[in-house]
Structure formats: structure tokens, C-alpha cells
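For reference, each letter of the sequence shown is one residue, going 1 to 254 in UniProt numbering.
No lab work stands behind these hints, which were simulated from the structure alone.
This structure is a prediction, so every number in the text was calculated from the model and none was measured.
Yeah, the Cβ is synthetic: ideal placement off N, Cα and C, and Gly gets one too.
Where hints are given, some of them may not hold.
Claimed, not checked - Heads up, simulated SDA-like pairs for lysine to any residue below, C-alpha to C-alpha not over 20 angstroms straight-line:
no.	residue 1	residue 2
1	166	210
2	64	33
3	24	80
4	24	48
5	40	98
6	129	232
7	233	127
8	177	129
9	143	232
10	210	116
11	81	60
12	129	163
13	177	163
14	233	56
15	143	102
16	129	216
17	64	89
18	233	147
19	210	246
20	210	147
21	210	223
22	143	212
23	233	194
24	210	71
25	143	76
26	233	164
27	40	127
28	143	103
29	64	80
30	40	228
31	143	120
32	143	221
Said to hold, decoys possible - Computed beta-carbon distance windows for the label pairs:
no.	residue 1	residue 2	range
33	46	186	16 to 26 angstroms
34	21	82	34 to 44 angstroms
35	201	114	18 to 28 angstroms
36	53	135	45 to 55 angstroms
37	79	205	41 to 51 angstroms
38	70	149	30 to 40 angstroms
39	136	53	43 to 53 angstroms
40	53	124	24 to 34 angstroms
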Amino acid sequence: MALKPKSKTNSKQKVSASFSPLYKQIKELLLQSLETGEFKPGTMIPSEHDLADRFQVSQGTVRKAIDELAAENVLLRRQGKGTFVATHHEPSVRYRFLRLSADGQVEVKRTHSTILSCERLSPTEEQQKIFELSSSDEVVCIKRVMNFSNRPTVYEEIYLPAVLFKGLTFDLLTHEKMPLYGLFESHFGVQLLRCDEKLRAVSAPDSIAKLLHVAVGSPLLSIERIAYTFGEKAVEIRTGFYVTEHYYYRNSLN
Numbered sequence: 001m002a003l004k005p006k007s008k009t010n011s012k013q014k015v016s017a018s019f020s021p022l023y024k025q026i027k028e029l030l031l032q033s034l035e036t037g038e039f040k041p042g043t044m045i046p047s048e049h050d051l052a053d054r055f056q057v058s059q060g061t062v063r064k065a066i067d068e069l070a071a072e073n074v075l076l077r078r079q080g081k082g083t084f085v086a087t088h089h090e091p092s093v094r095y096r097f098l099r100l101s102a103d104g105q106v107e108v109k110r111t112h113s114t115i116l117s118c119e120r121l122s123p124t125e126e127q128q129k130i131f132e133l134s135s136s137d138e139v140v141c142i143k144r145v146m147n148f149s150n151r152p153t154v155y156e157e158i159y160l161p162a163v164l165f166k167g168l169t170f171d172l173l174t175h176e177k178m179p180l181y182g183l184f185e186s187h188f189g190v191q192l193l194r195c196d197e198k199l200r201a202v203s204a205p206d207s208i209a210k211l212l213h214v215a216v217g218s219p220l221l222s223i224e225r226i227a228y229t230f231g232e233k234a235v236e237i238r239t240g241f242y243v244t245e246h247y248y249y250r251n252s253l254n
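Please model the complete structure; the sequences and the hints are all you need to start from.
Given below as C-alpha cells:
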């Protein structure tokens, strides 16, 4: 039996018999509440006691579900205050998908981004497949250069399904002084939860070399990303070219 999201007329929910562990079922119900907007980014969710009463399970089961969502940066625990829905405006979450670190003890200082263009295009066959679009749909293409410590360090091409980003324009991107994912969240209600990445070493082509102020053929790190929102729905395809003369890409493997 499939689990159902909370209805407005029923304050308590019973989880059903399932092969899935009980805390996993609670996790899915919480994700449904996040996806429907019942719990909004930056707001506090009900206490473990209240959630246990709502789902009619133990507080320990609720705590385990919340712990997993916190580990995935979907929720944030604040000591003495409660548990909050993560937002891309939160300092600890803002750049969690940016894994660039400086050599030595020097801090990576992201100074600003320069938006080069923002236009609507017909999707490629690959984009149609990833975004589940038809050939008559459109994608938004953003091109930008990110600067670190006042030096051009990353060139990116970002593709988004236009149907989710109506009103996304060059003017909006250049006038809103906030991280891109924060802008997606605030203006379009799109939260990015996770991403898959492919990394490879490439030589800088002429056009990108000029933008990054490096010699043609210089070594760059290429990162291809697909980012997902709730329900494992792909909402971004991004290719970035990174100058790694003074930086490296960090990751933790368990």
C-alpha cells in the first residue's frame, strides 16, 4: 500500500505496512510535505513530538528520518531552536555544491559573477530526455564567468527547462545580488537537492581561454552536472570549466 501525503482534514497519519523501514516511510512523508510547500524553505518544521503524534510512530523513528534529511542538507538542526527547512540563502548551504578549494590555507573568496548571456533555445535530444521535454519546448541557457579573489576562475553554461523558469531574464540575473540557486528558490520555487557530476581534464579552447585569461590549450577541469529537485526531477544541466592553477576540487568519500 502506498503512503499518502497529509490531508488538511486529517491531522494524524498512519504509516502503512511496507517492506521499507519505518523511518524511511516517515522520511518520504516529510519530503512530500516539503515538495507540496507545507514546510517552506527557511521555516521551522514541527517538533519531533508533534511529528511522532501526527504519524503515530515513536519519536526515535522521527528522529532517525530527520537525521537522514539533515545529513542530506534538506533540513538544518539549530541547537536550542529546532529543525528548519534548508534554504540556499543559508550560509552553510549556499555553496554546498561548489567544491573548489584553494591550495594551502588560503580561503576561496568568490567575489562576483559576470552574466554573459541568457537566452531561450530549442532543446537538444539529450536535454529533451533529461528534462522530459518535447521538441517544441524551450530551455533557458545562461552563460557566466565566476570570479574568485578578483580573477576569472570558472566559465559555466547552464541549461534549465523554460517551463519552470518563466520570467528568468538577463536583467533579473544581473540585478539580483544573490547566489543562483537562491534566486531559483526565491523567484521560481525551485529547490536543488542533489546533483550528479562528471569530471575530466580538458584543454582550454580559444573562446573559453579568452574569458578565463589563460593560454589556449591550458589545462582546465571540466565538470558536467545534472541537478535534481524533489522526486528526482532533473532541473539543471551545467557544464563548468575551472582554472585549477591555485585551486583543487575537494570531495569526501565514505
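Evaluation of the provided hints:
1. 166 with 210: 32 angstroms, violated
2. 64 with 33: 17 angstroms, holds
3. 24 with 80: 26 angstroms, violated
4. 24 with 48: The hint holds at about 15 angstroms.
5. 40 with 98: 24 angstroms, violated
6. 129 with 232: 14 angstroms, holds
7. 233 with 127: Given that 20 angstroms is the threshold and the Cα spacing comes to 13 angstroms, the pair holds.
8. 177 with 129: Roughly 32 angstroms between the alpha carbons, so the hint for residue 177 and residue 129 is violated.
9. 143 with 232: 25 angstroms, violated
10. 210 with 116: Given pair residue 210, residue 116 holds - Cα atoms ~13 angstroms apart, limit 20 angstroms.
11. 81 with 60: 19 angstroms, holds
12. 129 with 163: 15 angstroms, holds
13. 177 with 163: 23 angstroms, violated
14. 233 with 56: Not satisfied, since the Cα-Cα distance of roughly 30 angstroms exceeds 20 angstroms.
15. 143 with 102: 24 angstroms, violated
16. 129 with 216: This hinted pair is violated, its Cα atoms lying about 33 angstroms apart.
17. 64 with 89: 26 angstroms, violated
18. 233 with 147: Not OK: residue 233 and residue 147 at ~30 angstroms, beyond 20 angstroms, violated.
19. 210 with 246: Distance of about 18 angstroms is within 20 angstroms: holds.
20. 210 with 147: 14 angstroms, holds
21. 210 with 223: 19 angstroms, holds
22. 143 with 212: Distance of about 13 angstroms is within 20 angstroms: holds.
23. 233 with 194: 10 angstroms, holds
24. 210 with 71: Violated, at roughly 40 angstroms.
25. 143 with 76: Since the Cα atoms of residue 143 and residue 76 sit roughly 31 angstroms apart, the hinted pair is violated (cutoff 20 angstroms).
26. 233 with 164: The hint holds at about 12 angstroms.
27. 40 with 127: 29 angstroms, violated
28. 143 with 103: Violated, at roughly 27 angstroms.
29. 64 with 80: 18 angstroms, holds
30. 40 with 228: 18 angstroms, holds
31. 143 with 120: 12 angstroms, holds
32. 143 with 221: The given pair, whose Cα atoms are some 17 angstroms apart, holds under the 20 angstroms limit.
33. 46 with 186: 16 to 26 angstroms: 24 angstroms, holds
34. 21 with 82: 34 to 44 angstroms: Given range 34 to 44 angstroms: violated, Cβ gap about 25 angstroms.
35. 201 with 114: 18 to 28 angstroms: Holds, at about 25 angstroms.
36. 53 with 135: 45 to 55 angstroms: 50 angstroms, holds
37. 79 with 205: 41 to 51 angstroms: Between residue 79 and residue 205, where Cβ atoms are some 49 angstroms apart, the hint holds.
38. 70 with 149: 30 to 40 angstroms: Holds, since residue 70 and residue 149 (Cβ atoms, about 32 angstroms apart) stay within the stated range.
39. 136 with 53: 43 to 53 angstroms: 49 angstroms Cβ-Cβ, so the 43 to 53 angstroms window holds.
40. 53 with 124: 24 to 34 angstroms: 50 angstroms, violated
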